[in-house]
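Q: Go ahead and model the full structure; you've got the sequences and the hints to work with.
Using this note's numbering, read the sequence shown as starting at 1 and increasing by one per residue.
Think of the hints as simulated: they come from the structure by calculation, not from any bench. Just to be clear, a hint being listed does not mean it is correct.
Unchecked claim - Derived lysine to aspartate or glutamate pairs resembling DMTMM-like cross-links, with alpha carbons at most 20 angstroms apart:
#1 Lys81 - Glu31
#2 Lys3 - Glu31
#3 Lys3 - Glu30
#4 Lys18 - Glu30
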Amino acid sequence: MTKSQLITIVAKKAHLTKKASNDAIEALIEEVTRALTKGEKVVLSGFGTLYVSPVKDKQVVPFGNESKRQTIKGHRVVNLKVGKPLKKAVW
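A: So, in structure tokens, the structure goes:
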């Protein structure tokens, strides 16, 4: 599903214009991004919990070639812990 398809579906189900639906989805994305950037958890009941966790530096050796050892710098990643209703629907 693409963002434009989601906008169309939300507009129909919520009896909104596509512009209003787009604005609502954009606001949701902006606020989720803002919260995750600040390190906060985002809990969407029935869907899941989004949170940021750190990844430490790690050494990798491509295809066992020891001479090409590389270091991947530590960074942060976004994780999703799936809620029970979504898990039950998908499984």
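Q: None of the hints should be skipped; say for each whether it holds.
A: Results of checking the hints against the structure:
Restraint check for Lys81 and Glu31: satisfied, since their Cα atoms lie roughly 19 angstroms apart, inside the 20 angstroms limit. Taken as a hint, the Lys3 and Glu31 pair is honoured in the structure, with Cα atoms around 16 angstroms apart against an allowance of 20 angstroms. The hinted pair formed by Lys3 and Glu30 meets the criterion: a straight-line CA distance of about 14 angstroms does not exceed 20 angstroms. Taking the CA atoms of Lys18 and Glu30, the gap is near 18 angstroms; set against the 20 angstroms cutoff, the hint holds.
Going through the hint list in order, the structure satisfies each hint without exception.
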